[in-house]
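Sequence order for the protein chains is P and H. FYI, this note's numbering numbers position 329 of the first sequence as 329, with every residue one higher than the one before it. FYI, this note's numbering numbers position 101 of the second sequence as 101, with every residue one higher than the one before it.
None of these hints come from the bench; they were simulated from the model. Computed from a predicted structure; not experimentally measured. Mixed in with the good hints there might be a few duds.
From the structure, some residues in chain H lie toward chain P, with a derived Cβ separation under 7 Å [claimed, not checked]:
#	residue
1	A25
2	P39
3	N41
4	N49
5	T82
6	G83
7	T163
8	S164
9	V247
10	S250
11	I251
12	I262
13	I265
14	R268
Virtual Cβ for every residue (Gly too), placed ideally from N, Cα, C.
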Amino acid sequence: MMSSTPTTTGKVRVAIAVATGSALLLSGCSVANTGSANGNAADTVRIVLPIEPTTLEPCDSTLSSTGVVVRSNITEPLIERNPTTGALEPLLATEWEATSDTEWTFTLREGVTFQDGTPFNADAAAFAIDRAVNSSLGCDVEGQMFGDPDLTLEVIDDTTLKVTTEMPDPVLPLRLSFVEIGAPTDADARVREPIGTGPYAIDEWEAGIKLTLAVNENYWGEAPAYKAAEYQWRSEGTVRAAMVTQGEADLALSLSAEDGAGDLGLNYPNNETVALRFSGDIAPLNDIRVRRAINFAIDKTGITDSLYTGASVPADQLVPPGVVGYNPDLKPWEFDLAAAQALVAEAKADGVPVDEKITIVARADQFPKIAQMTEVLQEQLGQAGLNIEVKIAETSVGLQYQVRPFVLNEGAIAMIVQHGNQAGDASFSTESYMTSDAQMSMFGTAEFDSLLAEASALVGDERQEAFANALAYEREEVVQFAYIARMTGVIAKSATVDFEPNSLSGDELRLAEITPAS
Amino acid sequence: MLTFLRRRIVSSALPLLVVVIGVFALARLTGNPTSLYLPLNATAEMRQNFTDKYGFDDPILVQMANYFGGVLRLDFGESLRTGEPAAAMALRAFPATLQLAGTTMLLAVLLAVIVGSWAALKPNGIADRISSFVSMAAASVPDFWLAIMGIWVFAITLGWVPTSGVGGATSWILPIATLLLRPFGVLVQIVRGAMVSSLSEPYIKLARSKGATEFRVVTRHALRNAAAPALTVAGDLTVGLVNGAVVVESIFGWPGIGKLMIDSILQRDFAVLQAAVLLTAISIFILNILIDLGYAGLDARVRPSGKPKKSPRSAVVAGGPTERNVNVQTTP
């Protein structure tokens with residue numbers, strides 16, 4: 001019988017194994033590449049977001065994930081839109097006037113510096129606007145707010161900037177309210193951590209963990225209540241809500257009613273409108289009776305009550321209340337299944353191929369319960385006599401149906417879209433979704449295009465009336481959409497802070513508006 | 001030893017290359033990601049500029065040649081989302097996953113050895129029943145549900161641990177507990193089965209007849225022979241954890257490579273995806289070598305030599321413990 005005694009080698013192996021295991025266990029006290037544990041200082045407001053910003057580049061702050069951190073916190077625009085009244089208010093610019101159809105002159109605020117001490121002046125403003133709108137960076141704000149036309153910028157003196165447009169643009173100040181002014185930097189490359197004039201500066205960004213802002217001691221305006229802000233991110237809504245209920249965070253964004261925030265959840269109008277957008281040049285959707293029938297067939301109140309427990313309401317048009325051009329006289333299409341069926345039958349009798357498939361396309365997880373809404377719509381439109389199929393696609397595939405060039409070889413498409421007009425003017429909705437050549441418009445009419453073009457050139461009450469009439473015309477004579485719901489957002493707010501969410505809060509969370517609970 | 005390592009490196013290079021090429025090609029089959037990175041109403045000019053900048057319109061072979069040309073210069077490209085070097089993002093995220101997976105597996109192995117040995121000593125006893133139940137639960141309970149339930153019970157209802165995040169030692173408890181169930185459930189059955197086999201061997205009877213305590217019989221005689229198959233399975237499970245911790249990382253906000261990969265897939269961030277896959281593949285290759293070395297440490301019969309032969313683990317795993325185990329018994 002062979003045998004062996006415990007050897008020194010064996011003891012060494014055991015020792016190595018124990019040491020390795022212990023090191024691994026002990027290393028559990030901190031995760032690799034992370035800094036300090038979660039702060040809980042009373043002067044720090046803690047916010048949990050659904051996703052980590054990919055960048056804090058100011059010219060991309062029209063992206064919600066970036067803007068919610070950057071806008072009016074780290075950087076500021078020349079002009080700021082009041083989300084409640086819609087009025088444009090001075091910020092880095094104190095005055096502005098249209099000196100001609102295509103020329104605006106801005107008077108800039110004196111005594112402002114960037115967080116690195118660089119003075120803010122007309123040169124800095126011109127640089128930031130030129131970089132955001134005219135450069136080859138492809139900034140998100142350029143695509144969202146300005147499109148192809150460039151701006152000409154002329155520095156008159158340190159506090160006077162002249163901006164000239166290629167075409168008359170009565171809403172240029174509104175567009176510029178989306179251009180965040182960062183300190184002069186590389187014009188050919190994006191900056192991940194900008195320097196601005198805002199009440200907070202970036203303190204530390206632990207990628208994947210958290211982002212901390214510290215108060216700007218040299219801020220030109222009123223000092224905010226909190227000395228610091230800490231952002232974390234959790235993709236799961238229930239976890240975000242739980243962080244607030246358990247005191248691990250003060251605010252949690254982008255929740256739904258089912259995420260468990262309970263009494264700490266606040267509903268607020270987020271300016272998002274959900275609608276079905278028609279491919280109005282493909283049968284059977286190329287017949288206006290079929291499009292009207294779809295509007296009659298959708299029980300909008302049933303959808304908002306059952307899926308959103310009444311927090312959302314039926315929609316009557318694409319733009320929400322408070323936006324220039326909103327038509328207060330328009331009401332949601334009535335739910336009338338008999339009328340829907342009659343219209344479908346009438347179209348069929350005239351040879352319209354109503355049996356041709358219509359595909360409802362939805363982007364997965366675009367908003368809460370979109371899948372359930374899609375199923376309800378399929379059922380309701382089927383009852384009207386239409387042949388409905390459903391396609392729920394992930395974002396990158398869904399965008400192929402939403403944005404030009406469209407997917408065109410799959411028959412008629414009715415796409416669920418969610419449009420938010422945070423800009424405050426109907427032109428931003430019509431230029432995106434309603435004109436014949438808009439990036440997200442599948443069809444239009446020359447008459448409607450003409451009405452929209454005329455409205456876009458007007459100002460004041462005339463502009464309001466012209467857009468309102470144009471939207472009424474769309475509703476009756478074009479029927480590009482079936483409007484479904486005016487959505488609300490949900491924020492969880494702990495009892496330790498005071499904050500009133502508004503229509504901008506999902507895209508621009510102003511830290512200066514958050515104060516300790518009184 | 002060096003010969004063994006050299007052979008393994010050479011034999012692993014081809015699969016590594018296949019994985020990288022496969023991920024490269026499959027990712028690009030999903031189409032041009034331009035729409036994901038530009039505003040919805042970006043102009044045609046903006047879209048074309050973006051496409052030209054990143055070469056998305058180039059033939060796939062040209063794109064692949066450019067990519068591998070960069071790899072040879074240790075340039076793995078930059079993230080479409082953040083603009084950071086893709087390799088830096090992957091290297092930053094990977095250690096967190098490695099920590100989580102490594103700690104989970106260490107605990108899983110320790111617990112599986114204890115409970116599995118106990119179950120083998122007393123078949124149909126309480127430990128045996130626990131191990132059977134856990135194994136069934138591990139096979140049926142999805143990670144997502146387990147994680148959410150854990151948060152609800154232990155963080156919200158009882159307030160014992162934080163809901164999520166990476167601050168402090170207590171933040172490890174729920175993520176590890178969530179990930180632990182499946183590997184523990186598998187390993188405890190492996191250990192139990194191997195221990196039952198070992199404990200039925202004649203040398204165990206001999207050891208007992210010589211007066212060895214039950215503890216010594218289990219730890220110094222039976223366990224050593226039962227460890228080898230458990231080690232093999234533990235290695236495979238660790239690989240699975242490295243790849244599959246994405247749900248736990250997403251829910252608990254763990255800054256690991258699993259979440260980085262899934263985000264890169266959804267956002268068509270090709271460079272980051274490729275860097276993450278490459279890093280994971282290399283780590284799995286290294287892990288397999290370590291497992292082979294560990295296995296050789298346990299069983300002298302399979303220590304690597306210069307002669308070409310099958311992977312040491314596969315020969316013994318296929319055959320299971322044999323009468324040759326008499327060669328490794330120790331005196332009581």
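Now the hints, each set against the structure:
1. Annotation: interface hint on A25/H violated; nearest CB of chain P at approximately 17 Å, more than 7 Å.
2. At about 3 Å, the closest approach between the beta carbon of P39/H and any beta carbon in chain P falls short of 7 Å, and the interface hint on this residue holds.
3. Evaluation of the N41/H hint against chain P yields a held restraint, the C-beta minimum of about 4 Å falling below 7 Å.
4. Because the beta carbon of N49/H sits about 6 Å from the nearest beta carbon in chain P, less than 7 Å, this interface hint is met.
5. The interface hint given for T82/H is met, as the beta carbon of that residue sits about 5 Å from the closest beta carbon of chain P, less than 7 Å.
6. At about 6 Å, the closest approach between the beta carbon of G83/H and any beta carbon in chain P falls short of 7 Å, and the interface hint on this residue holds.
7. Because the beta carbon of T163/H sits about 5 Å from the nearest beta carbon in chain P, less than 7 Å, this interface hint is met.
8. The beta carbon of S164/H comes within 5 Å of a beta carbon in chain P, closer than 7 Å, and the hint placing it at the interface holds.
9. A distance limit of 7 Å between C-beta atoms decides the matter here; for V247/H the minimum to chain P is near 10 Å, and the interface restraint is violated.
10. Look at S250/H: its Cβ gets to within about 5 Å of chain P, closer than 7 Å, so that hint holds up.
11. Interface hint at I251/H: satisfied, since its Cβ lies 5 Å from the closest Cβ of chain P, which is below the 7 Å cut-off.
12. For I262/H, the suggested interface contact is broken, since its CB lies about 10 Å from the closest CB of chain P, more than 7 Å.
13. The beta carbon of I265/H comes no nearer than 10 Å to any beta carbon in chain P, farther than 7 Å, and the hint placing it at the interface is violated.
14. Of the supplied interface hints, the one on R268/H holds, with its beta-carbon coming within about 6 Å of a beta-carbon of chain P, less than 7 Å.
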